[in-house]
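Q: The chain contents come next:
Protein chains: 4
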Amino acid sequence: MSHGQYDRLVSLRRDLHRHPEPAWREFRTTSRIVDELESIGVDTLLVGSDLIDADSRMGVPDDEEIDRWYEAARDAGAREDVLDQTAGGVTGVLAVIQQGEGPTIGLRVDIDGLPRSESTDENHTPVAEGFRSETDAMHACGHDAHTTYGLGVIESIVESDFEGTLKVVFQPAEEVIGGGKAIAESGQLDDCDHLLAAHVGLDHPTGEIVAGIDGFLAVHHFEATFTGEPAHAGAQPSKGDNAVQALAAAVQNLYAIPRHEDGATRVNPGVIEGGSATNIIPETARLEGEVRGETTELKAYMQERAMRVIESAAEMHGCTVDIESVGDAPSARSDDEIVEIVSDVASDTDGVETVLDRDSLGGSEDATYLMQRVQDNGGTAAYIGVGTDHPGGHHTATFDVDETSLPIGVDVLSETIQRLANE
Amino acid sequence: MSHGQYDRLVSLRRDLHRHPEPAWREFRTTSRIVDELESIGVDTLLVGSDLIDADSRMGVPDDEEIDRWYEAARDAGAREDVLDQTAGGVTGVLAVIQQGEGPTIGLRVDIDGLPRSESTDENHTPVAEGFRSETDAMHACGHDAHTTYGLGVIESIVESDFEGTLKVVFQPAEEVIGGGKAIAESGQLDDCDHLLAAHVGLDHPTGEIVAGIDGFLAVHHFEATFTGEPAHAGAQPSKGDNAVQALAAAVQNLYAIPRHEDGATRVNPGVIEGGSATNIIPETARLEGEVRGETTELKAYMQERAMRVIESAAEMHGCTVDIESVGDAPSARSDDEIVEIVSDVASDTDGVETVLDRDSLGGSEDATYLMQRVQDNGGTAAYIGVGTDHPGGHHTATFDVDETSLPIGVDVLSETIQRLANE
Amino acid sequence: MSHGQYDRLVSLRRDLHRHPEPAWREFRTTSRIVDELESIGVDTLLVGSDLIDADSRMGVPDDEEIDRWYEAARDAGAREDVLDQTAGGVTGVLAVIQQGEGPTIGLRVDIDGLPRSESTDENHTPVAEGFRSETDAMHACGHDAHTTYGLGVIESIVESDFEGTLKVVFQPAEEVIGGGKAIAESGQLDDCDHLLAAHVGLDHPTGEIVAGIDGFLAVHHFEATFTGEPAHAGAQPSKGDNAVQALAAAVQNLYAIPRHEDGATRVNPGVIEGGSATNIIPETARLEGEVRGETTELKAYMQERAMRVIESAAEMHGCTVDIESVGDAPSARSDDEIVEIVSDVASDTDGVETVLDRDSLGGSEDATYLMQRVQDNGGTAAYIGVGTDHPGGHHTATFDVDETSLPIGVDVLSETIQRLANE
Amino acid sequence: MSHGQYDRLVSLRRDLHRHPEPAWREFRTTSRIVDELESIGVDTLLVGSDLIDADSRMGVPDDEEIDRWYEAARDAGAREDVLDQTAGGVTGVLAVIQQGEGPTIGLRVDIDGLPRSESTDENHTPVAEGFRSETDAMHACGHDAHTTYGLGVIESIVESDFEGTLKVVFQPAEEVIGGGKAIAESGQLDDCDHLLAAHVGLDHPTGEIVAGIDGFLAVHHFEATFTGEPAHAGAQPSKGDNAVQALAAAVQNLYAIPRHEDGATRVNPGVIEGGSATNIIPETARLEGEVRGETTELKAYMQERAMRVIESAAEMHGCTVDIESVGDAPSARSDDEIVEIVSDVASDTDGVETVLDRDSLGGSEDATYLMQRVQDNGGTAAYIGVGTDHPGGHHTATFDVDETSLPIGVDVLSETIQRLANE
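For the protein sequence lines, the chains are A, B, C and D, in the order given.
Reminder that position 415 of the first sequence reads as 415 in the UniProt record's numbering, one-by-one numbering, no gaps.
Reminder that position 189 of the second sequence reads as 189 in the UniProt record's numbering, one-by-one numbering, no gaps.
Reminder that position 172 of the third sequence reads as 172 in the UniProt record's numbering, one-by-one numbering, no gaps.
Reminder that position 92 of the fourth sequence reads as 92 in the UniProt record's numbering, one-by-one numbering, no gaps.
Fair warning: there could be bad hints in the mix.
Partial pick of chain A residues on the chain C-facing surface, computed with a CB cut under 7 Å [unchecked claim]:
hint : residue
1    : Gln236
2    : Pro237
3    : Ser238
4    : Ala249
5    : Val309
If you want the ones that stay clear, here's a sample from chain D, every Cβ over 10 Å from chain B, calculated [claimed, not checked]:
hint : residue
6    : Ala87
7    : Val96
8    : Gly100
9    : Ala235
10   : Glu315
Calculated from the structure, these hints are not laboratory results.
Where a beta carbon is used, it is the ideal one built from N, C-alpha and C, also for glycine.
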């Protein structure tokens, strides 16, 4: 990669890092991607609802929250045409490159940040070098690097003798496991012969490539709202039906769902809130949680038990409960055919020192929806790990990527795409 | 009472009802009271920190919340001089009338609203007659009527041949049990020979007076913040120390504190929140709660057990917990001497049909701090119930007072004050 | 009372104390009572099923347990005719004295011990003086004294000029709240004009009499058996439905049933057992518990909530639950007419120093079934407290009665019966 | 195998099946084994404390329970000399065969039954053919077959040209994970070059052999006794410290110990009991439980968290808790060297249709103590699975072995021993 391209990628990544936006609120991010794509020049460029099946979105925040970020994006210079196309929180971009005859290859990168604040530590590089987040959110999982991969790969492919069709999806809302299904359901990737996805970091150092990541935990996100009956806690405690008691019983018993002998399972009622005042028996309480399983079946086991626990806890305390699905992803597996190619490509890539054939994610990812879709249509898919030295862990305040790993990611992906096209 | 005075009281009460402000945010309310007092003419008028021991305030909201109401009060026409005197949430007024030689008699009324929204039902009188709350808060416990009593009593006493000193306290932050102590600690009522307080409603109909209310539950409000260790819920569940698990264990076991054979006790962890995302093991969780007891000893029993439950729940899940007191009130009892006078006065008051000597509140009130202070100094105190037909229960969206009960409250209080002065 | 009668009473009480038998297992006790009654001479003597409506018994232990005590009673010298009449655990005696014309007056005393072992402390009088319990059970609530009252009263009345009918019921199974209903349902007390019952101790010292005890908590005993699905805890944890988890959820949430503003309530899941081995997901778990209320309505409130908690806890963990009633008693109140007589009598009784008109029990008693029955039939009833210095609390290992209080109890009861007959 | 030997083995297995005895109570079983060994003739025969380090026993029942089985064994014809040697529950046998020069090879079989009753279903073979259990216990895990293997192997080896030393351990108390350590600590197997152990069934059908079983979950058994303060549940609920509340909080939170990302973990508080009467605040409660981990480290993680939960639950409810270890076993792995030999041998054995090289147990076994001991001393070890059609699952009432699999087990073990000796 040329110094010029490297500098552009770094500058682009830092700009994205300064303006992180959480799930379904990537307005300014979408605008910036469109800018870059227009500057590179692509054959087709779809934005927002042209790419997203809006009804299949999960984890969409409320209107007020969307509006807040929408206005902030406008203030931060987002283009009006892009704002129009993404209104209501239908974000994301699909760029298509067509060069001669050849297979259709998809690349999926995710673009959203996390709703957490970034470290203010002077030793944290984004602070030291002036590109710390300017919003309430933070790119604490490297999606700024992923977005940069997507744009870098397009730039490389356009300049190459690649023959075929490349579809790069800039997917919103991965962090809430809410965007993958919406893109899968749009059908835009149904003609792909192959699909690649990638993730930076994951405790692999700079110079290490994992040719095929597996061990995606299938996941289900839900939101349960308990409704009871309020009453004055001093004067009429017996008249209330206590939503916080129901929630507490649910939390305790959710964590206690039996382990499963067939493999790893998880449960985390990660966000709770309830009640309005100390002297009122709480009328409502809300619990956002998730269950996971090493397989889609294990996720289903956890989900079934969790729903039973929640419903019984409500009933136990005379409450009703409304449970909504707000995110979901299946398990998936990288195909051997691509993993071999990636492994081969990586061995020859500048800056790569170690290539692992396979590693396990131990987490969830809604790229699996897209991988499964392509695989169900007879194609192949792989999820590639791009090592980077990262000082803080993923999702923590001091997460950061080593920018010297950016060209490695771009090169491995571009070269793999070309090899797939030539097969 | 003249038609003119009645109309003024109703109009005043409706204005207060339209502009409810919660604890320590009664800026516009304080301003309106000052306006009225200046119009009546009083001998001394203390506002905010002249009256309040700011360090003894409990349940003070955060700066952002105070600022929001401060600005809203300004927008709603609060006087700049009053805003200056109450800056930072030091609200409330003390008015003093001195007429000749005689005992010093205190009257305490409370002025804060509740942080809940008011009904929009067409049949709800404030809706039908156009004085529904214009803020997020609501006068759902009749403190608009209490404030009106205070002003009506001053008006009556000023025009009477009362001889002595009358000190009327317009107390903020009763709903969070946070204002009584701050006024007691200021010492402003230490010279009172007698103290009266009053409450409207309490399920007594218009025309009924309770000469002495007892059965105040002593109460303690606390806020517990659990801190654990975050971790990715999918990839590293064992690395987290889960603050929401600690909170759920605490909630379940708080409600399970054994009943006490010596009398009524209460417990309500009424407000909870915790966690940041479904895929992160929750690092923090916060619980606001209260315990009560029929006596100060029973409250202490509940408080001791509650603290043990909370601390053990934290330890059980590897968390730390920080517990803060945010409100407190002792139990109290109305003195027979005053109760007899009130009973006598009430029997002769226009509009009064039934007089009960004693009744039990079954709730908490921080007027008890002031009653106890005056009693400890050798004075006497009583808490008077003024019946009113109220369609909805206290603290509910459809609470409202029957305005024909307003003059009854004013008359009983004024006449009692005069009788006490003449003894 | 003569020295001779006093010595007989003490000797009788010590013999009973040495042979305590728990509920529905009072075979040797029944035999000893029959011996005494035959020695005194009574007009009618009913034993076991002649007196007890066997189907209305509650809290009956299983056959094996009954058999064990039955054989032990035989070994301890119980009469074969009495063993025949009480076979299957239908214990208890009714003695009737008829002397001339007059009202029918009932006296109910209870005869069962508690399933707990007695102290072996050298300072414990029964140890020091050689009458410590010889069984696994213990007279830790003074029913040995009550039985002695019954026999002493009969002895006194027979020798007096009493005119009327006296029916003394020696009731089994008070400790499990299981015998009162069975006697009430037999109808044997339906012709009583007045009914007396008495209890020793209750924290009143020797020389103190409570003329009328009230504040009986209505009570309901239940037994819940959870049934799930066993599975190997190591190899197939997900295949089990865990009855111990269901029970633990039930226990936690039973203790957390909200307090009631109308008065005292109680809940105690006092006995639990479950599971068969550490490596098997527990298939069954059993919980014996009770709820109480200051009124029968409050008991009903607790019972309804408790059943909901138990059923939801079962459902939450995929278990079924079978709930059985094993004991029940209503609330009751001593009638003023008798209380006045008792108060009067007590003031004139040797050894009585203090007479309290009324006091509150704060516990439960199934004498209330009999009191209510007599009251419903137009009669009057009272429950009398006979003070005694007792070193340990009721139900503890060092409980004991001060035997100098025995004649006080006998005298107050006998004299009250005579006064009632003469009215 | 000859028809004669087969018939003897079946007859022996059925006799053992009729007389199952649980852990540390295998008195009659030990006696029967000694009879057989004397009949075969062995070089050394150690019984009870000659073989067992009595202080290292875990899960030993109380004296009364041991006595009960001791007397029952005497009634069932156990030899007095064996009863003397096993008094106090020090059961088990070691038989040594020495034939010429060669390596020392150990074979460990376990001999205890489970404390559960056997099915009475007419279709259950032991019922149909008249060898159903005559005790409260049941051979529901096939240790009757294992004992038969041990005796059959000795018979075969004695008649073979085997050269070396064979040590067959008939180990007690496997079901409570309590015997393995006691034998390891005795040092009797420290000179073994190789060690074999075997298990029947495990869902493998007759004709299937697993050459090396792995996936032993390390396990820790514990017993926690909570002690609080009793009080009358009606009269003095606040005076009690409730051991059942503490236990319920512990159970709920034990099941909720977070899953571990490094592998499988388990927890099961499988046996609970507590309280004495419904009207007494429970003074004591007892919980027997276990934790497991796929590795010894994961077991340690679970154990540490479990202890913290239990201790905090006690503290939360003002109780103390005493925690005792009652069983423990590490993880282990079968060595490739032996697994290959077993695989080879099995392929050539009559009746074997399928040979699996490896399979995972998913449960725990204290043979691992012995395997680890031999491996730590430089030897090799393997755990062999012998398939059998079994109608009910392990530990259920209808478990039974297909007796045609008995000679397969004996043959595979004998031949493997000879091959190991010849290497």
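Q: Does the closest beta carbon of chain C sit nearer than 7 Å to the beta carbon of Pro237/A?
A: With a minimum Cβ separation of about 5 Å from chain C (threshold 7 Å), the hint on Pro237/A holds.
Q: Holds or violated: is the Cβ of Gln236/A closer than 7 Å to a Cβ in chain C?
A: Hint on Gln236/A: holds, closest Cβ of chain C at ~5 Å, below 7 Å.
Q: Hey, is Val96/D genuinely clear of chain B, shortest beta carbon separation above 10 Å?
A: Val96/D clear of chain B: closest Cβ-Cβ about 46 Å, beyond 10 Å.
Q: When the nearest CB of chain C is found for Ser238/A, is that gap smaller than 7 Å?
A: holds, 4 Å
Q: Far enough from chain B: is every CB of that chain over 10 Å from the CB of Ala87/D?
A: Given that every Cβ of chain B is farther than 10 Å from that of Ala87/D, nearest at about 43 Å, it holds.
Q: Minimum C-beta separation from Glu315/D to chain B exceeding 10 Å: can you confirm that?
A: About 5 Å separates Glu315/D from the closest Cβ of chain B, which leaves it inside 10 Å; violated.
Q: How about Val309/A: closest beta carbon in chain C under 7 Å, or not?
A: holds, 5 Å
Q: Please confirm whether Ala235/D is truly not at the interface, meaning its C-beta sits more than 10 Å away from all C-beta atoms of chain B.
A: About 6 Å separates Ala235/D from the closest Cβ of chain B, which leaves it inside 10 Å; violated.
Q: Can you verify the interface hint for Ala249/A: is its Cβ closer than 7 Å to any Cβ in chain C?
A: holds, 6 Å
Q: Should the label of Gly100/D as a non-interface residue stand, given a Cβ cut-off of 10 Å to chain B?
A: At roughly 53 Å from the nearest Cβ of chain B, Gly100/D sits farther out than 10 Å, so the non-interface label holds.
The earlier numbered hints that this structure contradicts are 9, 10.
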